[in-house]
Amino acid sequence: MSETVGQQHPIGIYLKVWLLLFVLSTFSYLVDFFHVEGYLRWTLILTFMFLKAGLIIAIFMHVAWERLALKYVLLVPLSAIAVLITLMAIEGDYTFLTRETFFDP
Amino acid sequence: MTTQTDESTSYTAPGIDGLVSDWSADKQAFDVPWGKLMMWIFLLSDTFIFSIFLTSYMNVRLSQTDNWPNPSEVFALEIAGTHMPLILIAIMTFVLITSSGTMAMAVRSAYSGDKRTTVILMAATALLGASFVGMQVFEWSKLISEGVRPWSNPFGAAQFGSTFFMITGFHGMHVTAGVIYLSIIARKVGRGDYEKKGYAIVEITGLYWHFVDLVWVFIFAFFYLW
Numbered sequence: 001m002s003e004t005v006g007q008q009h010p011i012g013i014y015l016k017v018w019l020l021l022f023v024l025s026t027f028s029y030l031v032d033f034f035h036v037e038g039y040l041r042w043t044l045i046l047t048f049m050f051l052k053a054g055l056i057i058a059i060f061m062h063v064a065w066e067r068l069a070l071k072y073v074l075l076v077p078l079s080a081i082a083v084l085i086t087l088m089a090i091e092g093d094y095t096f097l098t099r100e101t102f103f104d105p
Numbered sequence: 106m107t108t109q110t111d112e113s114t115s116y117t118a119p120g121i122d123g124l125v126s127d128w129s130a131d132k133q134a135f136d137v138p139w140g141k142l143m144m145w146i147f148l149l150s151d152t153f154i155f156s157i158f159l160t161s162y163m164n165v166r167l168s169q170t171d172n173w174p175n176p177s178e179v180f181a182l183e184i185a186g187t188h189m190p191l192i193l194i195a196i197m198t199f200v201l202i203t204s205s206g207t208m209a210m211a212v213r214s215a216y217s218g219d220k221r222t223t224v225i226l227m228a229a230t231a232l233l234g235a236s237f238v239g240m241q242v243f244e245w246s247k248l249i250s251e252g253v254r255p256w257s258n259p260f261g262a263a264q265f266g267s268t269f270f271m272i273t274g275f276h277g278m279h280v281t282a283g284v285i286y287l288s289i290i291a292r293k294v295g296r297g298d299y300e301k302k303g304y305a306i307v308e309i310t311g312l313y314w315h316f317v318d319l320v321w322v323f324i325f326a327f328f329y330l331w
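Chains as they are written, first to last, in our numbering: chain A, 1 to 105; chain B, 106 to 331.
Check before you lean on any hint, since a few could be wrong.
[What the hints assert, rightly or not] Under the rule of at most 27 Å between Cα atoms (straight-line distance), these lysine-lysine pairs were calculated in the BS3-like manner:
| id | chain 1 | residue 1 | chain 2 | residue 2 |
| --- | --- | --- | --- | --- |
| 1 | B | Lys220 | A | Lys16 |
| 2 | B | Lys293 | B | Lys220 |
| 3 | B | Lys293 | A | Lys71 |
[Claimed, not checked] Below, a sample of chain A positions facing chain B; criterion: calculated Cβ distance under 8 Å:
| id | residue |
| --- | --- |
| 4 | Ile11 |
| 5 | Ser79 |
| 6 | Ile85 |
[As the list claims (entries may be wrong)] Stretches of chain A that chain B covers, calculated by requiring three or more beta carbons in the stretch to come under 8 Å of a beta carbon on chain B:
| id | stretch |
| --- | --- |
| 7 | 19 to 29 |
| 8 | 43 to 53 |
| 9 | 60 to 72 |
| 10 | 96 to 103 |
Just so you know, the hints here were simulated from the structure itself, not pulled from any lab data. For every residue, glycine included, the Cβ atom is placed at its ideal position computed from N, Cα and C.
One chain only, chain B, in its complex shape (with noise of 0.2 Å):
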């Protein structure tokens, strides 16, 4: 056996000891700061549970005999008497990725150095993100006083009501799940606790953003226009 006394670098230690420091050895495989790298793990993993929402819907839907309602009239709205399909979604579309143009102008701030920029983009990007959440309370209030349920619909297969209220409503809890998180990190930003650690953080966030945005691409094609 050796006898090297280094810790850092020894693969002889028993026990726990040598546990921790196989694991927790100089070993670096991704050169990117290390929260980066773990949302990303969390995302992957995310990713993998929206998938499997999305699979699950594709199956009932796939399978079932009923008549799948026409979303474009379930979700239409009469905005001054004119009858518009989807038009709810299309506009809370169009608010995420706005949240998402200003988050990415947030991290670039950020990196920049440009505190007060990073701050007012961020508290932007929470802003947008609140407004989606209450058009989706606005969305599931007008479909629940339709009468659709989990279980059943007026409009026809009761799949419909299940898989939209599980696959919007985690959405939507990550949505705002995102909107504290960038909140809390935005004042963060302000008080200036990252001047010495750097603005990673920043883009750390803006991965989980931009990553629910993502997930709404996924929906708004499978679910909604599909």
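Chain A with its partners taken away, still in its complex shape (with noise of 0.2 Å):
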């Protein structure tokens, strides 16, 4: 036998994240369909996504259930890819800017 019992959850909570990833993935799908556009698009897709992210991270990856020292071992760096898009964000509207000057065709 194992030391360890492992992540042992009932069997509903993972048919009803199941079942939200669907829901969630159909409405992100209608955004599209429906041909939402500007900022409404943008703020539906960000939302639906993390929102399955989240869900797949805490529940079928057992994350929630984890302890904070591998919490922290996980999400901590990803703080150096919110700084990376940040900084290539800027780059690339400089150059997008500097090509609308210069090769403005």
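Both chains are sitting in their own frames, so use the hints and assemble them into the complex.
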């Protein structure tokens, strides 16, 4: 027998999350289907994306039940990615403006 | 100097022996099986790889001055005479979510000791993953036949092709590897290889599989819907 019993949770929570993931995916598809545009589109896409990602990480990957030490190992390094995204967004925007100014077709 | 002889607690051993004992002594920070921690470390590094891909995609899409092709139309299909925007990608998303659900159930059955159900659910997960890869092959073939290349495409910005092939290709490679990984572990579970060791391995395999689904959530949102 294994020394660790491992992650055992009631079947109901998996089925509920499964169903929720289906519903959220349908919603994100409908955003495209009904041609929602502009800021509403981006807000909806990001909301559904973060909800889906959160459910998968917390429940399916059991992070919700892990100890804080492991949670920090997984979540703190992601702040480096946030920094990268910010820097690259500024850089991309700058390149775009430069191209518009000097290479306007 | 102390004259401690118990090597497992000694911090005074010189040279290589000291290095080995310092790094491998009985000190535990994480209360999870070793393999599971290592899978998490790998997934963290993989998160960085995919983040860098998606960030570079954001960067080239922000800075290009051409028209970005509308993914909704590029990935549309005619089904029974009806024009369905983005339909193949939607089906692929549902297939991958279904496979994540069967995987979560497989982990649960493994820990409750139901070997037969575990093998069936893992096989179902692998099968769904394989069908996902099949649909991706179809998608690639369709785009290639329409003239989409990593360096140009008939719909607009050339960067579309390069980011598409790199991001979906790398993700598809992960799914393919996952299908192989799942098949191997399912076979070993069925053979009873883990009777003594315990079934943490199914949870570890599950972590990898859920991660592949997780990455798809971001690719779906940023590449196909944005």
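Restraint check, 8 Å cut-off on beta carbons, for Ile11 of chain A near chain B: holds (6 Å)
When the least beta-carbon distance from Ile85 of chain A to chain B is tested against 8 Å, hint result: holds (5 Å)
Coverage of the stretch 19 to 29 of chain A by chain B (three or more Cβ within 8 Å): holds (count 5)
Stated coverage of the stretch 96 to 103 of chain A by chain B [criterion: 3+ residues, CB within 8 Å]: holds (count 4)
Holds or violated: Lys220 of chain B to Lys16 of chain A, with C-alpha atoms at most 27 Å apart: Holds, at about 24 Å.
Pair hint outcome, Lys293 of chain B versus Lys71 of chain A [Cα-Cα no greater than 27 Å]: violated (30 Å)
Chain B over the stretch 60 to 72 of chain A, status - at least 3 residues with CB closer than 8 Å: The restraint on the stretch 60 to 72 of chain A holds, since 7 of its residues have a Cβ under 8 Å from chain B and three suffice.
Given hint Ser79 of chain A near chain B, where the shortest CB pair must fall under 8 Å: violated (12 Å)
Coverage of the stretch 43 to 53 of chain A by chain B, judged on three or more residues with CB within 8 Å: holds (count 6)
Straight-line alpha-carbon gap Lys293 of chain B to Lys220 of chain B, limit 27 Å: Roughly 11 Å separates the two Cα atoms, so the pair holds.
Checked against the numbered hints above, the structure breaks hints 3 and 5 and satisfies the rest.
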